[in-house]
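Number of protein chains: 2
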Amino acid sequence: SAMPNSRPSSQGESQVVKDFKQWLETNDKGQAVAVGAIYALTNLVKRSDASTIMELEILLKDAQEQLQKVKFEGQRSKLIQLTAACELFARHVTRTTVDIGDFAVCKQRIIERGEGFAQQADYARDVIADNACPFLRDGMAILVHGFSHVVLNVLTAAARRGIRFKAICTEGQPECDGRRTAAALSASGIPTELILDTAVAFVMAEVDLVLTGAQGVCESGGIINKIGTYQVSVVAKNANKPFYVAAESYKFCRLYPLSPTDLPDAEKEPASAAPAGGGPRERLPPSDFTPPQHVSLLLTDLGVLTPSAVSDELIKLYY
Amino acid sequence: SAMPNSRPSSQGESQVVKDFKQWLETNDKGQAVAVGAIYALTNLVKRSDASTIMELEILLKDAQEQLQKVKFEGQRSKLIQLTAACELFARHVTRTTVDIGDFAVCKQRIIERGEGFAQQADYARDVIADNACPFLRDGMAILVHGFSHVVLNVLTAAARRGIRFKAICTEGQPECDGRRTAAALSASGIPTELILDTAVAFVMAEVDLVLTGAQGVCESGGIINKIGTYQVSVVAKNANKPFYVAAESYKFCRLYPLSPTDLPDAEKEPASAAPAGGGPRERLPPSDFTPPQHVSLLLTDLGVLTPSAVSDELIKLYY
Numbered sequence: 001s002a003m004p005n006s007r008p009s010s011q012g013e014s015q016v017v018k019d020f021k022q023w024l025e026t027n028d029k030g031q032a033v034a035v036g037a038i039y040a041l042t043n044l045v046k047r048s049d050a051s052t053i054m055e056l057e058i059l060l061k062d063a064q065e066q067l068q069k070v071k072f073e074g075q076r077s078k079l080i081q082l083t084a085a086c087e088l089f090a091r092h093v094t095r096t097t098v099d100i101g102d103f104a105v106c107k108q109r110i111i112e113r114g115e116g117f118a119q120q121a122d123y124a125r126d127v128i129a130d131n132a133c134p135f136l137r138d139g140m141a142i143l144v145h146g147f148s149h150v151v152l153n154v155l156t157a158a159a160r161r162g163i164r165f166k167a168i169c170t171e172g173q174p175e176c177d178g179r180r181t182a183a184a185l186s187a188s189g190i191p192t193e194l195i196l197d198t199a200v201a202f203v204m205a206e207v208d209l210v211l212t213g214a215q216g217v218c219e220s221g222g223i224i225n226k227i228g229t230y231q232v233s234v235v236a237k238n239a240n241k242p243f244y245v246a247a248e249s250y251k252f253c254r255l256y257p258l259s260p261t262d263l264p265d266a267e268k269e270p271a272s273a274a275p276a277g278g279g280p281r282e283r284l285p286p287s288d289f290t291p292p293q294h295v296s297l298l299l300t301d302l303g304v305l306t307p308s309a310v311s312d313e314l315i316k317l318y319y
Numbered sequence: 001s002a003m004p005n006s007r008p009s010s011q012g013e014s015q016v017v018k019d020f021k022q023w024l025e026t027n028d029k030g031q032a033v034a035v036g037a038i039y040a041l042t043n044l045v046k047r048s049d050a051s052t053i054m055e056l057e058i059l060l061k062d063a064q065e066q067l068q069k070v071k072f073e074g075q076r077s078k079l080i081q082l083t084a085a086c087e088l089f090a091r092h093v094t095r096t097t098v099d100i101g102d103f104a105v106c107k108q109r110i111i112e113r114g115e116g117f118a119q120q121a122d123y124a125r126d127v128i129a130d131n132a133c134p135f136l137r138d139g140m141a142i143l144v145h146g147f148s149h150v151v152l153n154v155l156t157a158a159a160r161r162g163i164r165f166k167a168i169c170t171e172g173q174p175e176c177d178g179r180r181t182a183a184a185l186s187a188s189g190i191p192t193e194l195i196l197d198t199a200v201a202f203v204m205a206e207v208d209l210v211l212t213g214a215q216g217v218c219e220s221g222g223i224i225n226k227i228g229t230y231q232v233s234v235v236a237k238n239a240n241k242p243f244y245v246a247a248e249s250y251k252f253c254r255l256y257p258l259s260p261t262d263l264p265d266a267e268k269e270p271a272s273a274a275p276a277g278g279g280p281r282e283r284l285p286p287s288d289f290t291p292p293q294h295v296s297l298l299l300t301d302l303g304v305l306t307p308s309a310v311s312d313e314l315i316k317l318y319y
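Which chain is which? The protein sequence lines are C and G, in order.
Numbers 1 to 319, taken from the UniProt record's numbering, label the letters of the first sequence in order.
Numbers 1 to 319, taken from the UniProt record's numbering, label the letters of the second sequence in order.
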């Protein structure tokens, strides 16, 4: 077979899935899932006995489909990032082979770049912190919705640089991951307040800026993120407060949602039947889309971008 | 003493407080607290040996202060209503004595009107349902925030009249009284959905109108209500959806808040210290003020009012 390492054998899962799972188990630094995907794909290229670019492309396409099916904690919210990482990797393979005629040299280059990605991803978060700091000033109150490693990194870096601000975290039903954010910020010595999701508009008058992460940054510059992000952006806009998004460029995805509820399948609201014993039907949409007109700026490792600049960056990434 | 029945004796509470508490214990029909206050004040007038209007006014003023201190379930959220009821009663006493010279006749008239108030309050909710029904149509989705007897009465009355609509209830943290609303509506045969407080903006596109109750209707036509009401109104306005408030006229109060956080003392956000062991400070503002520009119409027993009409009605009630 041309793909001995990729196809799931009858004994169980393929090596690419095993590599990815092993990475997930040992990821205690809170690294992005994109890093794990690139790690597994790089190993796949290393192991492969493919001798043409076409074979390699088929291998990678197949591996992507398998990785998208792996279940892990927070998988749903990280699927956009995982998909974007796989697509960018495949795109990079194609582009490298166009630039370099020799297949062996080409393969070596792909492996080198793949192996450098983990470091590059760590670096991305620090670049974002550098880019974000000029927007944070002494005395500010910063409202945060949800939990995001990159947002946490921005705020703790700013605090380390001596900027004295206050964080207000929303609880973030249903996961209540705002409690996790609040605990982490508070542990870093940042004065932190926790509010219920009903109190966002109440506190908005005292807020100087809103900062959230993103599950995915779409072509329009709008973001897909945990439920409630869109609502927070509406409340911020109503109060003329800036709404900033911190996101690594590997979260940029080729999606173009047209409304707050227009989401990829994994992020769609699950169908829910009325309970058997009668009573109200409980709805739990996991994510929403915040349109670009509600996003003031995107703080990324490619620089500070207006929403409309995202499509240019996507073109640069993919073409 | 001129006020034998009103002053708390050394043995314990005054008769007016006893009457009010006894009313609260036997109130199983979900009648408004205003009804209980008027009941206690009417009894006070009946019992009193006051022989001048001045004496009566002092008695009533003193009774109001005592009633405001009585603790009961949901007391905080009903204090505006209780205060408005006491003030309107006192105002009515003054006006009656101006119209009628004879004190004995005057007292009799006050007692008659006071005794009719309970019935009038029940009637108010039905009038509101009548006034609201033309705004509800087949196929509508109606978003409800919080729990309100008058809102419940509007929706169940509309359902009984054959209007087929869907209700979407917010959970309403921290009390989660939206669950109570959802259960009651569902039990009345109305198709009902329950959403988290983070999902209001997500569902707003499918909503045709928002309907809430009010703890108090202020002079400007804005409302004081449970936390999150202002936020829902912001999200509704952003989506160009009408925001209706159903409220009995005894909730009209002579307050003029200037911002969503400008509230009477009982409704103010309680001070909260950071927890002793460190960690984030949890804030729990109980109520907010929704400014008149976010209220489309007020559905009251005095008719369907624009916010700006409330001050005229208040003048009629008090002068």
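Quick caveat, the hints were computed from the structure, so don't treat them as lab data.
Values in this document were obtained by computation on a predicted structure and should not be read as measured data.
Accuracy of the hints is not assured; some may be wrong.
In this list, chains with the same sequence are indistinguishable; a pair is considered to hold if it fits within one copy or across any two.
[Stated by the list, open to error] Cross-link-like lysine-lysine pairs, in silico, DSSO-like; alpha carbons within 27 Å at most:
no., residue 1, residue 2
1, K71, K21
2, K71, K166
3, K21, K61
4, K268, K166
5, K166, K29
6, K268, K237
Verification of the supplied hints:
no. : hint          : result
1   : K71 <-> K21   : within (9 Å within a copy, 58 Å between copies)
2   : K71 <-> K166  : neither (36 Å within a copy, 36 Å between copies)
3   : K21 <-> K61   : within (18 Å within a copy, 73 Å between copies)
4   : K268 <-> K166 : between (34 Å within a copy, 21 Å between copies)
5   : K166 <-> K29  : within (25 Å within a copy, 47 Å between copies)
6   : K268 <-> K237 : both (25 Å within a copy, 25 Å between copies)
The structure fails to meet hint 2 from the earlier list, while all remaining hints are met.
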